[in-house]
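There are 2 protein chains.
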Amino acid sequence: MSELKEISIAEFFEKNKHILGYTNPARALITVVKEAVDNSLDACEEAGILPDIFVRISKVGENFRVVVEDNGPGIRKDLVARAFGKLLYGSRFHEIRQSRGQQGIGISAAVLYAQLTTGKPAVIVTKPIGAEKAYRVHIYIDTKRNEPIVESEGEEDWYLPHGTRVEFEILGSYVKDRKQSVFEYLKETSVVNPHAKITFVDPDGSIYEFKRSSNEMPKQAKAIKPHPHGIELGKLMNMLKFTNATTLRKFLKEEFVRVGDKIAEEILSKAQFSGEEDPKKLGREDVVKLIEAFKSVDLLPPPIDCLSPIGEELLMRSLISEYSPEFVYAVTRKPKVYSGHPFLVETAIAYGGEIKTDKVILLRFANKIPLLYQQGGCALTKVVEGINWKNYGLEQTKDELPYGNAVILIHLASTNIPYTSESKEAISPIPEIMDEIRLALQDVGRKLKEYLDRKGRQEAKKKKEEVIAKILPLIAKKVCEVLEKDPVEVDRIIARIMGYLHVERHISERDGMKEVKLIVSNFTKAKREIKVLETCSGEVEAENAKISGGKYPTISWEVSLNPNEEVELKYLLRGEVLNKNPIVEGLDRALLSGQF
Amino acid sequence: MSELKEISIAEFFEKNKHILGYTNPARALITVVKEAVDNSLDACEEAGILPDIFVRISKVGENFRVVVEDNGPGIRKDLVARAFGKLLYGSRFHEIRQSRGQQGIGISAAVLYAQLTTGKPAVIVTKPIGAEKAYRVHIYIDTKRNEPIVESEGEEDWYLPHGTRVEFEILGSYVKDRKQSVFEYLKETSVVNPHAKITFVDPDGSIYEFKRSSNEMPKQAKAIKPHPHGIELGKLMNMLKFTNATTLRKFLKEEFVRVGDKIAEEILSKAQFSGEEDPKKLGREDVVKLIEAFKSVDLLPPPIDCLSPIGEELLMRSLISEYSPEFVYAVTRKPKVYSGHPFLVETAIAYGGEIKTDKVILLRFANKIPLLYQQGGCALTKVVEGINWKNYGLEQTKDELPYGNAVILIHLASTNIPYTSESKEAISPIPEIMDEIRLALQDVGRKLKEYLDRKGRQEAKKKKEEVIAKILPLIAKKVCEVLEKDPVEVDRIIARIMGYLHVERHISERDGMKEVKLIVSNFTKAKREIKVLETCSGEVEAENAKISGGKYPTISWEVSLNPNEEVELKYLLRGEVLNKNPIVEGLDRALLSGQF
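First to last, the sequence lines map onto chains X and D. 90 is the number of the first residue of the first sequence in my numbering; add one for each residue after it. 90 is the number of the first residue of the second sequence in my numbering; add one for each residue after it.
Calculated directly from the structure, the hints in this document are not laboratory data. One or more hints might be untrue.
Which copy? The list can't say, so a pair holds if one copy fits it or any two copies do.
[Stated by the list, open to error] Derived SDA-like pairs: lysine to any residue, alpha-carbon spacing no greater than 25 angstroms straight-line: (1) K339 to R165; (2) K233 to E100; (3) K286 to V426; (4) K423 to W247; (5) K233 to L622; (6) K359 to N152; (7) K311 to K614; (8) K606 to E245; (9) K311 to G442.
As the structure is a prediction and not an experimental result, all values here were calculated from the model.
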């Protein structure tokens, strides 16, 4: 057997950089930007600062230089080297709350990729709030030891009051006008982060600005303690081993959310403990009993404040502004738990309008990060494909994305997003999560169906009317001929069949005066309060009607009609009626008939 | 900013176990078996032992116990604990040669998963070759430190002369009769590892045996040095830093494959070095020049012996035995390099016969490991979907798997398989690899097309014949009636039109003797060497023919006919002809006509 050796995590990823998303130059460039921008957004939000982020990509010979600058709180000098120059090192891994970075790998991986492909160190400039000067450092990673190598460092003046600037030189390739591009990533990022302002300068020097559309900070996600539901046995054993609590009862109350005296007692009695046991002394069998007890007690879901959803309104707003659809709907579900990690699902659907696509467009987000790659390998996609969209009015070939002019958006927010790999582009098929997504999609699906049915009914009605309007007159004509009667007025009949409010005007002359008669018939199914107006030239006389004076008097009637009620409005006129048809106010034109 | 902490790789995977393939109980069970079996196969092959592997899955209360036992070389006592109880620790990571395990994570991850879900230690029993007794050890992992904890250990007798046995108790779920199952994994494994014998006992106690179909060890993959093509700058800088070579020339010749004196000189002159430089003293710019020089020199591909392909014959054999298709073809490509890692691609296609499927069945293998999950997220799948299969005779909706009764097999062999994650279920889209796969698939695709065309032509011919055979007699009959002639023999005419070899028999009586006349006409396009036979009862006389004696003599003629040549075979007979039609040997029945 050949020699066994220890492998440093940095060596591992140096050899397997594709796992981190560095599969080809184009994607590598996007990944580097992504890691840096995600970091900046996290930093700003933690410090309660509205993010103002500057991204510049420029060509340097064969390679690309990536600069990302933020107005965040900056980083303490003594922490910079390891924060950027050591993999598996970070602040967010051990915390239970929603954040973009959670692995402690991303940004150091960018440093690793830069030195691997161009041999250039990463340059970090950072100025903590209140600091006089900025700290500039050039960093390599010693892959054999997974430790930072500081090539050079120094202090300098900086125009920003506080913030951080990172600079990488990498082997990359810049692509435009593609779903998978830096531009698209930044665009989608700004869509779900309206509180952020992002400025992007591309290699040609063109400047794009993604404006701040909301000055309100998203509610800061708070760190919480683990939730008893779904926690693994091994995890619990570790917690018991390292707790400071002196008794099991204290342990339960202090180390978990949603566990107060009452719940603690319930758990203890179900697991047959007194509560006075020393947590450190519990054996495997005891822990098994505890887990069982956890499962059997009803608990509130984890507090939502460890999560920071996008919100239904914002989801709809951004879909409307991006795609101007004719229909949009969004749902934010309640938080749930998988393996002790709180998560919640948001979905939205936009339909029709200016959306023109063959298969629906699927937008995937995790903790407000757009996922551009590995759509096929993502559980979010799988759920969409697994739903029978025919039930919701969309065409679909079995187990594929549905067809139709629609955009489906899914956002998974969690204290620990179960990415399929460190490249953070696809979600693992965790059953609890997939169920939630399915339910959320069915919610929006049902609303879509309602809309499409309503639309369908209206179109059907329109067709019906057209037919009737064509045929009826002919029938009438024939009938009249046969019966040797004068032709009848069919509009009125159509109006009755179609359920319209119908208005007719009959004018008869009597000794130099015109007598105008308006017959208003309410064939609709509801009571109608309307106003009928006629404008004339010359003198008018009318009963129970308002008449405005002047050269061109307007006569107006307030009319209230129950279904199938009819009213006759009369006036005498020496002159002309000016409006072609009687004017009706207070009613949808679609419900109005007569020769309008 | 919250506190920055170091994260141990074990902690990381404890929290992100889905990255390792532990997304749900069913898959977890498969993954554990997979890791153990892959290890066993690697160990046996390295020691040149024909693998004999025993797998048992049994229910233990809510959980499952997995036992995997091999007849491998065993593991040295002092190495066992870390080999199983420490992540990122192994023998194969630093070697450049094809092996199943390459990350030093898999088996320890199984240990981690077991303790996380059931709190039970892994039990390893191992007996190195020549050892008296076996060593048994119970192992946990200290996740905070990523170090093994030995709970108990001891020596014991063991019935195996040498080998290793691992035992895990895990939270799992056993599924049957599914593409994604332990059974399927073992089946597909044995398909591409015919030298291995695998015995599987499922939870019901049913025993399945995957027999050893070849006693020949696959050629052992040899460890090689890196190949200059595609090596990254950072990697090269590291090599220079840690080399023992005293001069750059020595460095090039000693640390790379395919670099001899001539190539070394070529590289040095292109990069403008004397060759006497101290490798350790080279700066970044020098290394850039070296890399450029590397790219510009022509090099042999890396030696194939670091790879161990399955082989075209075996691929076809196993597809035939598994699917009994009507057509099968396989291709093994030459090795290529990506980022300095040698790799080669094999593809095979099976069509028709007993294959009944809607979309084609895709079988993915990496270093002889079947990939069961994440088909959608795998570059292998992407390439298949990206090919226009209509060119090769299969139906296809754009960018999806083609339709048709076919099985497509892809095997990627490499010294470093670019898995998308540590779960080793999907391949990253590395451009060089995708190109090779595309070419390989097009090879087999073309062969499929050829076959389908040939088949098409034959069917067309068959149709044509049917038509002619129906119509011609009718025409003939009519013609004869009109001309008041006797009906003509049309078979012969059909034979001429269709290009058959036609045989007719005419019998005439003469003073008590039958005179039999066989007219053999070769209407085919080729010269034909055939044998014509007749079996009779009674006496026979024939010229230039063989006559077997006995009660039922057989007369046989060796006949050689050029296209459009005709021959008459005569014999006299006092008795009966026994065979309904003359027997013709040495010709495809499909080319034969007459009343056969």
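Hints versus structure:
no.	hint	verdict
1	K339 to R165	neither (36 angstroms within a copy, 46 angstroms between copies)
2	K233 to E100	both (6 angstroms within a copy, 20 angstroms between copies)
3	K286 to V426	neither (33 angstroms within a copy, 43 angstroms between copies)
4	K423 to W247	neither (45 angstroms within a copy, 56 angstroms between copies)
5	K233 to L622	neither (86 angstroms within a copy, 81 angstroms between copies)
6	K359 to N152	between (64 angstroms within a copy, 22 angstroms between copies)
7	K311 to K614	neither (53 angstroms within a copy, 86 angstroms between copies)
8	K606 to E245	neither (87 angstroms within a copy, 113 angstroms between copies)
9	K311 to G442	neither (39 angstroms within a copy, 62 angstroms between copies)
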